[in-house]
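Construct the entire structure; sequences and hints are all you get.
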Amino acid sequence: MVAVKAGDVEGALRRPDPRIGVFLFYGPDMGLINERARMVAERSVDDASDPFQLIRIDGDDIAADPGRLADEAGTMGLFGGKRAIWVKSTSRNIAPAVDAVLKGELQDTVIVIEGGDLQKSSPLRTLCERSQKALALPCYADEARNLGTVVDETLKDNGFSIQRDARTALIASLGGDRLATRGELNKLMLYAHGQREITLADVDAIMSDVSSLAMDAVIDAAFAGEGTGLETGSRRLAAEGVNASVLLGAALRHALMLLNARLSVEEGRPIPAVIETLRSLHFRRKPLVERHLQRWTGDSLKNAITLLQSSLLQTRRMADLDDTIAAKTLLDIARAARR
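Per UniProt numbering, residue 1 is the first one in the sequence shown, and the count goes up by one each step.
Rather than coming from a laboratory, the hints here were simulated on the basis of the structure.
Note that the structure is predicted; figures quoted are calculated from it, not measured.
A portion of the hints provided could be inaccurate.
To be verified - List of simulated lysine to aspartate or glutamate pairs, EDC-like, C-alpha gap at most 20 Å:
1) K88 - D117
2) K5 - D117
3) K103 - E72
4) K120 - D8
5) K103 - E129
6) K88 - E72
7) K133 - E105
8) K133 - E72
9) K133 - D8
10) K133 - E10
11) K302 - D332
12) K133 - D99
13) K302 - E267
14) K302 - E290
15) K103 - D65
16) K88 - E35
17) K82 - D71
18) K82 - D17
19) K103 - D17
20) K5 - E129
21) K133 - D71
22) K103 - D71
23) K286 - D165
24) K156 - E35
25) K286 - E266
26) K328 - D216
27) K88 - D60
28) K82 - E72
29) K88 - D99
30) K187 - D204
31) K187 - D157
32) K82 - D47
33) K133 - D17
See below:
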């Protein structure tokens with residue numbers, strides 16, 4: 001059985017077992033899944049731009065024709081050499097097609113699969129975890145430690161350094177989705193073009209945009225129990241096209257921050273002193289967060305975190321209802337804040 005823990009994925013990819021022919025990437029972070037799948041697929045061939053070496057197949061096509069994957073895997077390259085088959089995500093079951101490949105011999109061919117958010121009982125995930133020829137690699141949202149590594153490596157690779165306070169503010173502004181993180185870093189580097197060091201002013205100029213401020217206002221209203229402010233702010237975000245899962249993700253990060261702060265308060269530290277330890281918190285929000293800490297307990301914040309995590313999962317499963325799910329969730333938080 002080859003099951004890899006989330007924290008061991010990078011190491012497994014740096015030193016892949018030569019016997020491994022199938023790499024399955026799965027989890028809730030589609031951006032990270034795509035990034036890792038692309039890296040493995042492109043690294044497995046001599047020329048990633050050659051369509052005879054790197055073959056891209058939609059997962060729905062394989063589900064409709066399970067024999068196609070085995071046919072592609074058994075095809076010899078026109079000019080020889082290594083080949084990679086990159087399978088895009090699908091909600092349909094492609095385990096039978098992958099099983100047929102694993103029962104055979106892969107000659108100079110690597111299969112890379114974007115599996116989506118697969119449950120532990122998923123046939124495809126189970127198959128790859130049990131096979132000695134496959135790796136099932138989880139891709140979860142970046143934590144602060146992982147975000148720091150992504151920030152440092154990306155900036156260094158592009159010739160930038162970053163001030164310590166700017167780095168702290170940048171990490172606090174980024175979400176867990178790897179693809180979104182890359183996009184924000186690219187914007188920041190473009191803005192800082194021509195200079196070597198990124199400053200706090202650069203981060204503020206790029207990350208503290210109007211949408212972010214409006215999103216903070218909605219989250220602050222929800223945790224303060226202010227229904228009017230919540231409704232007005234939510235309408236504004238909807239008009240600006242802010243994704244519901246992004247809003248819920250920001251609310252989740254805020255709830256986690258509040259929980260850590262509230263636990264310190266319950267240990268006997270005064271709220272103003274705890275607020276001063278939140279260095280990534282904008283000074284304009286400090287009075288609002290102080291109100292949050294007065295209204296919420298550690299237990300009630302844990303309930304809010306569970307609610308937000310559940311709602312985030314629902315927005316991924318029912319994308320057409322994501323705005324409704326987000327609105328109801330934040331309203332429930334506002335009601336809890338008033339109790």
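Structure-based check of each hint:
A C-alpha spacing of about 13 Å is found between K88 and D117, which places the hinted pair at or below 20 Å, so the restraint holds. Of the supplied pair hints, the one linking K5 and D117 holds, its CA atoms being roughly 15 Å apart against a limit of 20 Å. Proximity of K103 to E72 is assessed by CA-CA distance (about 15 Å); at most 20 Å being required, the pair is judged to hold. Proximity of K120 to D8 is assessed by CA-CA distance (about 18 Å); at most 20 Å being required, the pair is judged to hold.
In summary, the hint linking K103 to E129 is supported, as the alpha carbons are separated by about 15 Å, within the 20 Å threshold. Taking the CA atoms of K88 and E72, the gap is about 15 Å. The hint holds against a cut of 20 Å. Between K133 and E105 the CA atoms are separated by roughly 10 Å; this keeps the pair inside 20 Å, and the hint holds. Distance check on the hinted pair: K133 and E72 sit about 17 Å apart at the alpha-carbon level, within 20 Å; holds.
A hinted pair counts as satisfied when its Cα atoms are at most 20 Å apart, and K133 with D8 qualifies at roughly 18 Å. Proximity of K133 to E10 is assessed by CA-CA distance (about 18 Å); at most 20 Å being required, the pair is judged to hold. For the given pair, K302 sits about 14 Å from D332 by alpha-carbon distance, which is consistent with the 20 Å threshold. Between the alpha carbons of K133 and D99 the distance comes to roughly 11 Å, so the proposed pair stays at or under 20 Å and holds.
Of the supplied pair hints, the one linking K302 and E267 holds, its CA atoms being roughly 16 Å apart against a limit of 20 Å. With a C-alpha separation of about 18 Å, the suggested pair K302 and E290 falls inside the 20 Å cut-off, and the hint holds. Our distance criterion of 20 Å between C-alpha atoms is met by K103 and D65, whose separation comes to about 18 Å. Proximity of K88 to E35 is assessed by CA-CA distance (about 12 Å); at most 20 Å being required, the pair is judged to hold.
For the given pair, K82 sits about 16 Å from D71 by alpha-carbon distance, which is consistent with the 20 Å threshold. For the suggested pair K82 and D17, the alpha carbons sit about 16 Å apart, so the restraint of at most 20 Å is met. Distance check on the hinted pair: K103 and D17 sit about 18 Å apart at the alpha-carbon level, within 20 Å; holds. Pair hint K5 plus E129 holds up; C-alpha atoms about 11 Å apart against a cutoff of 20 Å.
In summary, the hint linking K133 to D71 is supported, as the alpha carbons are separated by about 18 Å, within the 20 Å threshold. Between K103 and D71 the alpha-carbon distance is near 13 Å, which keeps this suggested pair within the 20 Å criterion. Between the alpha carbons of K286 and D165 the distance comes to roughly 18 Å, so the proposed pair stays at or under 20 Å and holds. The hinted pair formed by K156 and E35 meets the criterion: a straight-line CA distance of about 18 Å does not exceed 20 Å.
Between K286 and E266 the alpha-carbon distance is near 19 Å, which keeps this suggested pair within the 20 Å criterion. Distance hint between K328 and D216 is fulfilled; the C-alpha atoms sit about 17 Å from each other, no more than 20 Å. At most 20 Å may separate the alpha-carbon atoms for a hinted pair to count; K88 and D60 meet this at roughly 8 Å. The hinted pair formed by K82 and E72 meets the criterion: a straight-line CA distance of about 13 Å does not exceed 20 Å.
Proposed proximity of K88 and D99 is supported: the alpha carbons are some 17 Å apart, at most 20 Å. At roughly 12 Å between alpha-carbon atoms, K187 and D204 fall within 20 Å of each other, so this suggested pair holds. Taken as a hint, the K187 and D157 pair is honoured in the structure, with Cα atoms around 15 Å apart against an allowance of 20 Å. Between the alpha carbons of K82 and D47 the distance comes to roughly 9 Å, so the proposed pair stays at or under 20 Å and holds.
For a cut-off of 20 Å, the pair hint linking K133 to D17 stands: about 9 Å separates their Cα positions.
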